[in-house]
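Chain residues, written in single-letter form:
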Amino acid sequence: SFVLNYQNSFLNNHALQSLLVLNSLPVCSPLPGVSSATPTEEMNGAGNLMDFLDEPFPDVGTYEDFHTIDWLREKSRDTDRHRKITSKSKESFWELIKSLLDAWSGWVVMLLIGLLSGTLAGVIDLAVDWMTDLKEGVCLSAFWYSHEQCCWTSNETTFDDRDKCPQWQKWAELMTGHAEGAGAYVLNYFLYVLWALLFSFLAVSLVRVFAPYACGSGIPEIKTILSGFIIRGYLGKWTLLIKTVTLVLAVSSGLSLGKEGPLVHVACCCGNLFCSLFSKYSKNEGKRREVLSAAAAAGVSVAFGAPIGGVLFSLEEVSYYFPLKTLWRSFFAALVAAFTLRSINPFGNSRLVLFYVEYHTPWYMAELVPFILLGVFGGLWGTLFIRANIAWCRRRKTTQLGKYPVLEVIAVTGITAVLAFPNPYTRRSTSELISELFNDCGALESSQLCDYINNPNMSRPVDDIPDRPAGPGVYNALWQLALALVFKIVITIFTFGMKIPSGLFIPSMAVGAIAGRIVGIAVEQMAYHHHDWIIFKNWCRPGADCVTPGLYAMVGAAACLGGVTRMTVSLVVIMFELTGGLEYIVPLMAAAVTSKWVADAFGKEGIYESHIQLNGYPYLDVRDEFTHRTLATDVMRPRRNDPPLAVLTQDTTTVEDVEALIKDTDYNGFPVVVSRESERLIGFVQRRDLTLAIKTARQKQDGVVSSSVVYFTEDAPQLPASNPQPLKLRRILNLSPFTVTDHTPMETVVDIFRKLGLRQCLVTRSGRLLGIITKKDVLRHMAQMMNQDPESIMFN
Amino acid sequence: MKSVFLLEALFLACFVLLNQVTAKNSEDIRCKCICPPYREFPGQIYKQNVSLKDCNCLHVVEPMPVEGKDVEAYCLRCECKYEERSSGTIKVTIIMYLSILGLLLLYMVYLTLLEPILKRRLFGHSQLIQNDDDVGDQQPFANAHNVLSRSHSRPNMLNKVEHAQQRWRRQVQEQRKSVFDRHVVLS
Numbered sequence: 001s002f003v004l005n006y007q008n009s010f011l012n013n014h015a016l017q018s019l020l021v022l023n024s025l026p027v028c029s030p031l032p033g034v035s036s037a038t039p040t041e042e043m044n045g046a047g048n049l050m051d052f053l054d055e056p057f058p059d060v061g062t063y064e065d066f067h068t069i070d071w072l073r074e075k076s077r078d079t080d081r082h083r084k085i086t087s088k089s090k091e092s093f094w095e096l097i098k099s100l101l102d103a104w105s106g107w108v109v110m111l112l113i114g115l116l117s118g119t120l121a122g123v124i125d126l127a128v129d130w131m132t133d134l135k136e137g138v139c140l141s142a143f144w145y146s147h148e149q150c151c152w153t154s155n156e157t158t159f160d161d162r163d164k165c166p167q168w169q170k171w172a173e174l175m176t177g178h179a180e181g182a183g184a185y186v187l188n189y190f191l192y193v194l195w196a197l198l199f200s201f202l203a204v205s206l207v208r209v210f211a212p213y214a215c216g217s218g219i220p221e222i223k224t225i226l227s228g229f230i231i232r233g234y235l236g237k238w239t240l241l242i243k244t245v246t247l248v249l250a251v252s253s254g255l256s257l258g259k260e261g262p263l264v265h266v267a268c269c270c271g272n273l274f275c276s277l278f279s280k281y282s283k284n285e286g287k288r289r290e291v292l293s294a295a296a297a298a299g300v301s302v303a304f305g306a307p308i309g310g311v312l313f314s315l316e317e318v319s320y321y322f323p324l325k326t327l328w329r330s331f332f333a334a335l336v337a338a339f340t341l342r343s344i345n346p347f348g349n350s351r352l353v354l355f356y357v358e359y360h361t362p363w364y365m366a367e368l369v370p371f372i373l374l375g376v377f378g379g380l381w382g383t384l385f386i387r388a389n390i391a392w393c394r395r396r397k398t399t400q401l402g403k404y405p406v407l408e409v410i411a412v413t414g415i416t417a418v419l420a421f422p423n424p425y426t427r428r429s430t431s432e433l434i435s436e437l438f439n440d441c442g443a444l445e446s447s448q449l450c451d452y453i454n455n456p457n458m459s460r461p462v463d464d465i466p467d468r469p470a471g472p473g474v475y476n477a478l479w480q481l482a483l484a485l486v487f488k489i490v491i492t493i494f495t496f497g498m499k500i501p502s503g504l505f506i507p508s509m510a511v512g513a514i515a516g517r518i519v520g521i522a523v524e525q526m527a528y529h530h531h532d533w534i535i536f537k538n539w540c541r542p543g544a545d546c547v548t549p550g551l552y553a554m555v556g557a558a559a560c561l562g563g564v565t566r567m568t569v570s571l572v573v574i575m576f577e578l579t580g581g582l583e584y585i586v587p588l589m590a591a592a593v594t595s596k597w598v599a600d601a602f603g604k605e606g607i608y609e610s611h612i613q614l615n616g617y618p619y620l621d622v623r624d625e626f627t628h629r630t631l632a633t634d635v636m637r638p639r640r641n642d643p644p645l646a647v648l649t650q651d652t653t654t655v656e657d658v659e660a661l662i663k664d665t666d667y668n669g670f671p672v673v674v675s676r677e678s679e680r681l682i683g684f685v686q687r688r689d690l691t692l693a694i695k696t697a698r699q700k701q702d703g704v705v706s707s708s709v710v711y712f713t714e715d716a717p718q719l720p721a722s723n724p725q726p727l728k729l730r731r732i733l734n735l736s737p738f739t740v741t742d743h744t745p746m747e748t749v750v751d752i753f754r755k756l757g758l759r760q761c762l763v764t765r766s767g768r769l770l771g772i773i774t775k776k777d778v779l780r781h782m783a784q785m786m787n788q789d790p791e792s793i794m795f796n
Numbered sequence: 001m002k003s004v005f006l007l008e009a010l011f012l013a014c015f016v017l018l019n020q021v022t023a024k025n026s027e028d029i030r031c032k033c034i035c036p037p038y039r040e041f042p043g044q045i046y047k048q049n050v051s052l053k054d055c056n057c058l059h060v061v062e063p064m065p066v067e068g069k070d071v072e073a074y075c076l077r078c079e080c081k082y083e084e085r086s087s088g089t090i091k092v093t094i095i096m097y098l099s100i101l102g103l104l105l106l107y108m109v110y111l112t113l114l115e116p117i118l119k120r121r122l123f124g125h126s127q128l129i130q131n132d133d134d135v136g137d138q139q140p141f142a143n144a145h146n147v148l149s150r151s152h153s154r155p156n157m158l159n160k161v162e163h164a165q166q167r168w169r170r171q172v173q174e175q176r177k178s179v180f181d182r183h184v185v186l187s
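Taken in order, these protein sequences are the chains called A and B.
Its first residue numbered 1, the first sequence is counted upward by one per residue in the UniProt record's numbering.
Its first residue numbered 1, the second sequence is counted upward by one per residue in the UniProt record's numbering.
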């Protein structure tokens, strides 16, 4: 995406500026005769209380579902609006106040987005915490407490069993009175699976009945929306509500998915919701997308507790046009969201995320070798996951598997729950697993993973325990972790993309953390038992604290996440904001860079770009390079054997002809030429505007009949008096359509489409119109050049 | 304008409610000290509801298992952390979430099971029999046509709510077709 004020610098180009000045696009003001039910100039439209129940009147200048917006038109409309407000502000004091309010409305929207996203994230975290524990037992004193909260004030907790207390009982103990034994185990197992199935069944039913757009991760669709695509209802109120509610259910059911991607979708829904309060954003699709970019940053910020990482994620992964003004506002929204979440305080210790670690033990140069190995693992796993997941999703899309979404969710949940319960590392929630893996083992830990053989005479402070030999608990934990690794790798492939809200960050980090911890323990034990080898001799003295397996887990998590999503800077910043340690930037960068190189060697696209390709969205990636030597004539339509271009003439077409043209073809717009003989280009008119204008004219204007002439010139053509009244449609004509000549190389054409966000571009030769190139043609051509299936591009 | 006002009122109400239930409970703060095994004494966890300034080993570890000079050595190994939570927030959040979930489930049961039965009984007696299985109109301007030709009879609130609900259900039907049946988006 574009950080640079590329838009500004390009549009400051003199030629383009003159084009925009010539562009007398009057689409801001309504057509004559259209009822003014939709005020366009007022800031807070005063309407009746029940007006939100009315169907929104389709305006000239709005877009159809599943179509691309016209970025240049949106920008010029915004400039017009701003110019009008500035000129009016000199008239009176009240107008000055209104102009100030208009300037500040952007910041108000950011504040509201931050508040609501933070609140929703806090609610989601608290509810997930409680419902995850509900699968295993219930708190008798107050049913709304999770396991940890229930035992918060109890004095029965022991060193070995930190969470034991009489108020919280497992289901078997509650129902039968026995806490131990085979019967209790089987009953607990059975009820765990039952609760998991219930949660996921509720989630998929709610999604299916109320908001089908609430399924999936959301990030591929938001990337497409931010690049200019319209998906109506994707960021609506019902989608917001259902996504929040079902996300809690989906995560609590124990499935191998995370909540970060869906939180970005939730935050963007909040952004869309608040955009509708101000007409500056609700009526301009370009400005709305600036707000949505900032909302995406707020979403990642509350998911990870990383405001800066969130802004960089929005910049790098999600946004398409990102002017500098948006950078500052995104940061504001992310900070407000993080602050709101912190004040709700879901985890009881003023931390934003469950796995915030705080150790500062140093790392050594020689450790870069295992870190790079972890990077290679991350890249390989990323490639494997992307290919397997896309193959499975394609199978779901094309075969019978896609006809049974509810059954599929239930089956996958059942398998996950049945296989996850026996292994203590998969039974608990993935966030807790990652938290334990990131943790360093001091003397105060009593988990199985920290079962090292302690020297009983040791009296060091807690942070500087030297390397110790592993006890039996550690070896036990190692093979359990290895099984968990294999399980997670396999099951996540089938989980991501199901018809419930599902994110990808936490499962990838879990896979990487498990692999990293295993490698870390291996290196640690090797350093302890073979401290006289050359590699270890220089750096690791016996009795010193050399290796921190928790750091390896962090590096592994970063590597796997980078391998799947191909994030670079944002990944490193998120990871070091998670850990609070600037000293670990170099290992994290080494792993992230290695994993990206390895993964890019097998395929250029990350998981989100692959899903965009699978769905056929019209997304023109800024990273793709077009290096072929084709010309505009090779791509333009009509081709040699196609019917000629459907055009309108400036003053000889009748209303009947226009309606026939609209009915017989499904093109999105028509060029307007002087006459069919000369074919000199006047402008371009959109299909939607034409349809609405003609329908309105037929109803509201007198004397307009089927044989009335439609004219696009300033003055009416000279007609005999017996002819019916002509219809002037100059107002909907775009007088400055983009044109290229037929010998323009496609490289330049692709660049223009990408940088200006065009939908179509006309091809001329010596001033005469030859053909048209649309965004879909460009995407199909690029796919063809890369030997992919050009027919997979579905939308325009 | 009205929607801004409604939203502000909603926020204020939530805030007031939260403030009332999140009054500082003395049970909501604690100091937790974890002491590892020392010589023959096993590891122990001590908790007390003290404030931040009293959160150290000497105040919280009671009864102290060692005496005299060993107290310092014992306390050096212990780690004390001050923690705070808001039990009122947790209670309000969970109960609110469960009630919203319950309402949605009831509405879902009504939509999927009860309404077809009721419709079959009331067939012909009301105006809102729309064909729910309408194939989504692919014409570019289906809704414009409806809007422009809509009759303005009985513009009272009940009619508006019914129309809004019908429109919403048509939208959800379209979405369901795109996502679940034709697999056009979100596959």
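Misleading hints may appear alongside valid ones.
[As the list claims (entries may be wrong)] Below are the BS3-like pairs computed for lysine-lysine, each with C-alpha atoms no more than 25 Å apart in a straight line:
#1 A:Lys397 to B:Lys177
#2 A:Lys325 to A:Lys98
#3 B:Lys119 to A:Lys776
#4 A:Lys75 to A:Lys537
#5 B:Lys119 to B:Lys47
#6 B:Lys69 to B:Lys91
#7 A:Lys164 to B:Lys177
#8 A:Lys237 to B:Lys160
#9 B:Lys119 to B:Lys91
#10 B:Lys160 to A:Lys164
#11 A:Lys325 to A:Lys84
#12 B:Lys119 to A:Lys164
#13 A:Lys403 to B:Lys177
#14 A:Lys237 to B:Lys53
#15 B:Lys32 to B:Lys69
#16 B:Lys91 to A:Lys170
#17 A:Lys325 to A:Lys776
Don't read these hints as lab results, they were simulated from the structure.
Consistency of the hints with the structure:
no., hint, verdict
1, A:Lys397 to B:Lys177, "13 Å, holds"
2, A:Lys325 to A:Lys98, "21 Å, holds"
3, B:Lys119 to A:Lys776, "45 Å, violated"
4, A:Lys75 to A:Lys537, "64 Å, violated"
5, B:Lys119 to B:Lys47, "61 Å, violated"
6, B:Lys69 to B:Lys91, "46 Å, violated"
7, A:Lys164 to B:Lys177, "49 Å, violated"
8, A:Lys237 to B:Lys160, "19 Å, holds"
9, B:Lys119 to B:Lys91, "40 Å, violated"
10, B:Lys160 to A:Lys164, "56 Å, violated"
11, A:Lys325 to A:Lys84, "21 Å, holds"
12, B:Lys119 to A:Lys164, "54 Å, violated"
13, A:Lys403 to B:Lys177, "12 Å, holds"
14, A:Lys237 to B:Lys53, "46 Å, violated"
15, B:Lys32 to B:Lys69, "23 Å, holds"
16, B:Lys91 to A:Lys170, "21 Å, holds"
17, A:Lys325 to A:Lys776, "31 Å, violated"
Comparing the model with each numbered hint stated earlier shows that hints 3, 4, 5, 6, 7, 9, 10, 12, 14 and 17 do not hold.
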